[in-house]
Amino acid sequence: MTSTQIDVAATAEAVVSAPPASPQSPRGRRRGPLLTVMLWICSLYFVLPLFWLFIASTKDNEDLFSTFGLWFGNRFALWENLRSVFTVQDGIYAQWALNTVIYAVVSATGATLLAAMAGYAFAKYEFPGSRALFSITLGAIMIPLTALALPTYLLFSKVGLTNTPWAIVIPSLVSPFGVFLMRVYAADAIPDSLIEAARVDGAGEFRIFGQVALRLLGPGLVTVFLFSLVATWNNYFLPLIMLNSSSLYPLTVGLAQQQAASAAGGGSQALFSTVITGSFVSVIPLVVAFLFLQRYWQSGLATGGVKA
Amino acid sequence: MGTVPSTVARRGRRSTGLSTMKKRQNAAAYLFILPFFVVFISMLLVPLWYSAYLSLFQSQLIGGETFAGLANYVRAFTDLAFVAGLGRMLVFFVIQVPIMLGFALFLALALDSGRARGAKSLRLLYFVPYAVPGVVATLMWGYLYGPDFGPVAQLFRAVGLQAPDFLGEGSILGSMMNIVTWEYVGYNMVILYAALRAIPPELYEAAEIDGAGPTRIAWSIKLPAIRPALLLTVIFSVIGTFQLFNEPSLLDAIAPSAIDDSYTPNYYAYNLAFVNQDVNYAAAIAFALGLVIAVVSYIVQLTTQRRERTNREGSR
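Going line by line, the protein sequences match chains Z and R. With the first letter of the first sequence counted as 1, position 224 gets the number 224 in my numbering; the numbers rise by one all the way through. With the first letter of the second sequence counted as 1, position 35 gets the number 35 in my numbering; the numbers rise by one all the way through.
Take the hints with a grain of salt, since some may be wrong.
[As the list claims (entries may be wrong)] Okay, derived cross-link-like pairs now, SDA-like style, lysine to any residue, Cα gap no bigger than 20 Å in a straight line:
| # | chain 1 | residue 1 | chain 2 | residue 2 |
| --- | --- | --- | --- | --- |
| 1 | R | 23 | Z | 133 |
| 2 | R | 23 | Z | 203 |
| 3 | Z | 158 | Z | 169 |
| 4 | Z | 158 | R | 64 |
| 5 | R | 23 | Z | 129 |
| 6 | Z | 158 | R | 22 |
| 7 | R | 23 | Z | 158 |
| 8 | R | 23 | R | 41 |
| 9 | R | 22 | Z | 207 |
| 10 | R | 23 | Z | 204 |
Hint data in this document are derived by calculation from the structure and do not stem from the laboratory.
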């Protein structure tokens, strides 16, 4: 087991320490029109389903069933659908969206901070037990997270933490991969001489971390933050078992329940376009975040995140 | 690993052991890692231990919980529902992972070759599905597969053909493979692309001058160079595949006849714990699943490193 973990770590490290891709492509020589066409056709596979989702969210129920899925229907019902997304069940969708943002931002902030402190310590201090502790952290990357959800639920229910926001936030604070990433990042980004100089100037260890190290860790912090954010934002299993009041649900659980209700039928057919439009709206924030933070994840994703 | 050499510690008298400066630095280091390890122990190690503990007990209607040794594990590995679920995941792994990673590798190599127009936009488009929550991806594909307003069914009907049943018993595993592929090709592509960009160009410039074509260079120079990254994507795929939960649990609502409550091991553990209330057996299933994942990951590593190992042993 241990050698497996170390190998994975070494593998990941090799990927992480890769220099960032240069923006201009020095390798581009001849353009291949055939390859270009092929690659654009491939992109349809990734984009068409989302295009369908957008089109479907502009249709009322009747058009949804009677008009072709990949083009607009007879009536443009997007605004209507949006209104119903935010008003159905007394506007619970907005509550779910707010919950999702709170869980994801709080968890990601906490996870990033814990990972930064631990990664910095592993990179820049030689202390007794550091090797063993770091190996244990790496080993944890391989633990299937869903195997933990059930016992965590049982433990939380003993101390009355289930069905509270803490049940989502606390387990999401652990990011062994984040620690690993920050260690690799800190080892390169913070020169030892800078720390020594700060010490000579009489700065305490915590001040050095807060005023020197954190600043140099910027891009690494954003990467860990972004991927922790996605992990919590997209998490379904944990909130599904931990929460039972729908006012605490994140979007994933809420939408899944609405969909189940609409699939079960029972006169709630109007929910179809509501669920579809709600799904479409829930996709927008992360897609926008990834578009705007491209330059971070394009080099940072190499280090990956464990699939939620 | 770069460590700050503590000059004071080095100069200090050996007889006193660590200098106060070094001690203070150690204390600081422990304080830095403390918050992480508090959460790590309470949210990872304790649940893991508790799960192992639970799995060794059985609860009976009469007599409550009794120690059962490994009985739950014996039951798990002889439980057709669990074994069938594992088998299904193995099929999934053997078919879906090569397709997904092959596709990702092709796209990464094609983008890295710099011969395509609009490579930057393409990279983004391929990656977008990763930002879509798995739940939404599954809901969306569920609608796309659907017989009522799914565009595929519409196209088939328009030309007067019978629409394929994507949600039937025989095809739903394939439909799930497609959802997972759609979600993670871009993610794996970016990992592989980053590794490709990190290959020093000198490695293949000589080959290019010697007239080696792009396919040849990709096969004999680029692929070996990104083996570590490929291994990483395979290991992550093992972990992801065997834990499959979102897809079966959500598709169950629209295809109840094709998906039973033990369709994947993880879905089985969930249903055992929350529907059947058999917490002990569920814990054993979850733990056994973890073991299977560890074993499969290990086998994957062994296979990919066979060549190096044989070389090493041969030189002894």
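Structure-based check of all given hints:
1. 23(R) with 133(Z): At roughly 19 Å apart (the allowed maximum being 20 Å), residue 133(Z) and residue 23(R) satisfy the hint.
2. 23(R) with 203(Z): It holds: about 16 Å lies between the C-alpha atoms, which stays within 20 Å.
3. 158(Z) with 169(Z): holds (17 Å)
4. 158(Z) with 64(R): This hinted pair holds, its Cα atoms lying about 18 Å apart.
5. 23(R) with 129(Z): Distance ~14 Å between residue 23(R) and residue 129(Z) Cα, so the pair holds.
6. 158(Z) with 22(R): Violated. Residue 158(Z) to residue 22(R) sits at ~42 Å, over the 20 Å cutoff.
7. 23(R) with 158(Z): violated (40 Å)
8. 23(R) with 41(R): violated (25 Å)
9. 22(R) with 207(Z): holds (17 Å)
10. 23(R) with 204(Z): holds (13 Å)
The structure is inconsistent with the numbered hints 6, 7 and 8, although it conforms to all the rest.
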